[in-house]
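**Student:** What follows is the residue order along each chain.
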Amino acid sequence: MSVRNALLGLLAQRPRHGYDLRATFQAIMGGEENWDVKPAQIYTTLARLEKDGLVQEEAVDQSSGPEKRIYAITPAGRAELRSWLTSGVERYEQRDEFFLKLMLSLATGEADPGKVIRTQRAALYRELHAITTQRQQADPKKELARILLLDKAVMHLEADLRWLDMIEARLDEVKRQPLPEPVTKPRGRPKKKRD
Amino acid sequence: MPLVQTEYLTKVYGKGETAVIALDHVNLTVNPGEFVAVMGPSGCGKSTLLHLIGGLDRPTEGRVLLEGRDLSRLDDTQLTELRRRHIGFVFQFYNLIPVLDAVENAALPLILDGVKPGAARARATDWLKKMGLGDRLANRPDQLSGGQQQRVAIARALVADPALLLADEPTGNLDTRAGDEIAGLLRKIADEWGRTVLMVTHDPRIAAYADRIVFLKDGKVVDETRLSGSSTEEAKRVMAKMEAI
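So the protein lines, in turn, are chains A and B. Quick note on my numbering: the first sequence kicks off at 1 and runs consecutively. Quick note on my numbering: the second sequence kicks off at 1001 and runs consecutively.
No lab work stands behind these hints: they were computed from the structure. One or more of the hints may lead you astray.
[To be verified] Subject to a maximum C-alpha distance of 25 Å in a straight line, what follows is the list of computed DMTMM-like cross-link-like pairs (lysine to aspartate or glutamate):
1. K115(A) - D1024(B)
2. K152(A) - D1203(B)
3. K115(A) - D1113(B)
Only chain B is shown next, with the shape it has when bound in the complex (with noise of 0.2 Å):
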């Protein structure tokens, strides 16, 4: 079963002459522990698509489904249950609490759960160390620099272990090298930790790092390429396209 699958799935602003179509009927299918990039010039519609997997917006049309649920069929309480134990989000700017430090930050999502805050606390730490944070644990964010501040946000989002991450993008408030930093620590997760990855990004560098590319262009999926993956993986995929055709 696909972890995410989206069908037909729409977003429309607005309403007659003034209604911008944001996404148009996208089919999207991402595959457990599959690390996918969106790629796409500003407006394609690429931040839409994140909002609308990770139940943050409700589609116009079309529907998502997150492990085989249908986000279309839980209510606003549901869902924020679902963002908060089964999608980790990471984005450009951080989004840390500056009074905390990263412990805190990072333990935020268990303590708003209601996990007692020793457990919540072992297991922030315990990602912000996989996180190559260890040494860093009672700084706040202030007295990180932005690829560690990126860091404690990815611990964050992790720390609930949701099978899903997305990461609006992650990099794009970093230098170069900060940057391939960050992107290498999403392959980590992937590979190391099988979680699934869902990252949006305009920076070809960023992109190479995924498993596959998904190429929006004015709200609809335009190419796809797959970076990785052995050729007989390959033939099966394009065998089954042209057996759907």
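Chain A extracted, bound-state conformation (with noise of 0.2 Å):
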């Protein structure tokens, strides 16, 4: 959804063709580490932005190398940008890979939890040492966006830290309760009663 809404934006400002739109997209979120997005993405996001109206192709780009299709924003999708910019975001992440690790080293005993705890602190820490680093050499009054960004990394990596120490000062009362099972649901069609 976002990278389609994020097209809207960028066509919003000017008529673009998609290999600016991808460099563009990918500046704003903070390289292409940070969000890659494939060209395929890009056309085929076009195609259906096209196809729904909200943009449409504008010309054909000869200057230079092969020629680039430049698309435009129509009044429709400017609508549906307008809307998308001023509706809330929900985040909602609990998809934890480090979480299914703590839970099958409970489980199986294959490993120690409180190693595992360990070794993901570390892993954390040393990520918020080189953002830490990164966004000490980025220059305020140039990159504020880029900072931005950092510090949202740098905030979420202390939460998960804080998370950690949480787990770990519980350690021993999860490892004394079971874990969670499944609801078991009846499959089939339901037994005949015997009268």
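Put the two chains together into one complex; each comes in its own frame, and the hints tell you how they fit.
**Tutor:** Below, the structure is given as structure tokens:
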């Protein structure tokens, strides 16, 4: 959803071709390493936006190299962009690979859960150190957008580290409780009741 | 030679049944120019560790070597001299003298050590400028923000040119932004001015500025994480550890 709306936003700025859209999108989001969008996704998204009447092909640029189709936003596209910009974003991420490792280390005994926590903590601190270094090297007068994104990463890592401390403090309690079990639902046709 | 080395460093407060083991046989090595953070829950012994390394307190067992010198062999006068010339201290609440201005506060350790006021002021001014306080030299502590006061305290800690800077929760009384500035300065003190920094903190954000984190719990080192350095250095360290086993 976000890429689709981002393309609308960039086309609301001015008409652009696919390559330009991809490069600008990635620059805003802190580079390819942060959010890599494949060219194919840009072109299929553009095709869908065109089909929905939200963008239209405006011209073909043949000035250099292979020809590039230039797209522009339509009034319907602009309306959709405005409604997206002014609605809140739900962020609810509970898929956590570390959590899965912890639960399975508890369940299988194949690794010490305390060690799993310490390894994760070390990894998070190394990441935090790397981001802190980048954050310090960034120029606040020119690269504020990048700094804000780095700050977000720092704060999330801080939260993850605090969460690890909490888990470690309660590890003995967790060990004493059974792992969550699936709720068994009867399958197939209900059995006939015998009178 | 390591700058700081502790061997089986132990501190017990009280006696008999009420005895509390604040530090339990801690072996820690800090190399010259390294920036090390010590973390752990409150009461884990991290401040005790810093105080023992800084010669502010004496261990129950074990010893501290500072640049190879055994602190336990020094008498109180020698220890005071060592603290004044070889170690700089930074605390959570800055501990500046309210009636003195920034230069006078920063110059204090030199004045107490008998350096002539003119020379002492010049060196204090130099460090204050390095701390970004060139335009605050004549301000008293109450005319400075928390972050600025802490920077005066760091200038004071460095004015006698110590090899080791000990910082006990240096950002504990500051907001996030000022805390980041202080942590960044500590980083710079190690990187640009070659000092060794040992910092106690409970804040992950601040600890992440260091080269290495040592985790303490119940007076013992429970974990250690290297945050920077090349992978070859890391491999060497692991190899050395493995050989030691």
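**Student:** Does each hint hold? Answer for all of them.
**Tutor:** Hint check:
{"no.": "1", "hint": "K115(A) - D1024(B)", "result": "holds, 22 Å"}
{"no.": "2", "hint": "K152(A) - D1203(B)", "result": "holds, 17 Å"}
{"no.": "3", "hint": "K115(A) - D1113(B)", "result": "violated, 49 Å"}
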